[in-house]
Amino acid sequence: MKKLLIVPFLLFGSFAFAAEDNIHLGKRFGLGAGAGLSAPIWNNKFDDNADTGFMWDLHARYQFTDAHGLMFNWAKHNWENTDVDAQVYDLMYLYRSNPTGMFSGIWGLGAGVANLNDADPKDNLKFAARARAGIEMAMNDDLLLSAAIDYQYISKMIGAGSGEMPMGEIHAIVPQLNLTYFFGSSAQSTTAAVGAGAGAAAVASADSDKDGIANTEDKCPNTRPGLEVNAYGCTPDEFASTEIEVLFDTDSAELAAGPKPALDELAQFMEEHPNTKVQIQGHTDNTGPASLNQGLSQQRAEEVADYLKNNGIDESRLEAKGFGENQPAADNTTAAGRAENRRVMTIISQ
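Counted the way mature numbering (1 follows the signal peptide of the UniProt record, and there is no 0) counts, the sequence shown spans residues -18 to -1, 1 to 332.
Where hints are given, some of them may not hold.
Unchecked claim - Derived DEER-like restraints, expressed as beta-carbon distance ranges:
id, residue 1, residue 2, range
1, 54, 246, 54 to 64 Å
2, 253, 207, 25 to 35 Å
3, 296, 79, 53 to 63 Å
4, 274, 253, 31 to 41 Å
Honestly, the hints are just simulated from the structure, not real lab data. All residues carry an ideal CB built from backbone N, CA and C; glycine is no exception.
Just need the whole structure built from these sequences, with the hints factored in.
Have a look at this one:
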């Protein structure tokens, strides 16, 4: 039976669900269940008689922040070769070492009581303590899968249980899998979304040069006040410049549908301003060899250039240049930063 201790971790490794970093659990309540094995250890009096059995639990969890939480747990342990089993009720402090990551280490300490069925029925409530180490994976923004190993301690049993089995302290190792579903949304993520929305609205409505064209649409952001401008915020003879960001998947130079409307607008602008040219700059994150990233960035730039050519822009007005991983726009140590670095920038000049 003890060979089965590895099973929960083999099962955990077989999952391949996709979730992004930027998971927020702060100020959220969760409910869950788990199952595993309970193996007596240390060759004490209890371990001399009992053998590995099954454990299952139900738990309620509240995260005060993305990193810190409390879990109330009910667990039932059954051990082979004995009628003695334990129902353990405890409260555990939990710490997530990578608070907003898809994968996070998990550490916990808890204490409570154990109700020992068939063991000293006149005094069967015992002190119980538990320590946990494991890893959690966010299957999505609301559902966590964890693989953990608990050390379970139950204080010394006096008297005899079923079959006159000698009693002593219980020490057990408990490998297990748990699922927890969280309700509601994080106060942190909600605040961030509201703040981002307000910030985006302010940027969209701002008009720095007072020409009647919002900054987000203005290709000529420094037009002198009082001059008549077109829909792009430019006078007929004015120098125009703009940047359009085009993001790509990892190890991909395929142009997605998302940036195409912006590129269509760019092509239209270049048709209306025949003296303009565009430099298309391709970039990558730092995943993989630098030499391969250099080639991939060039492919990304050429993919955007081909799209513009197919929209009627002459090849002589387009320059495609790859910069590889040498000009990151964000932190390559995070998934969000790497996504931002897999980009193409289009820079219009005259």
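Unmet hints by their number, sorted upward, for this structure: The structure conflicts with no hint, since it agrees with every one listed earlier.
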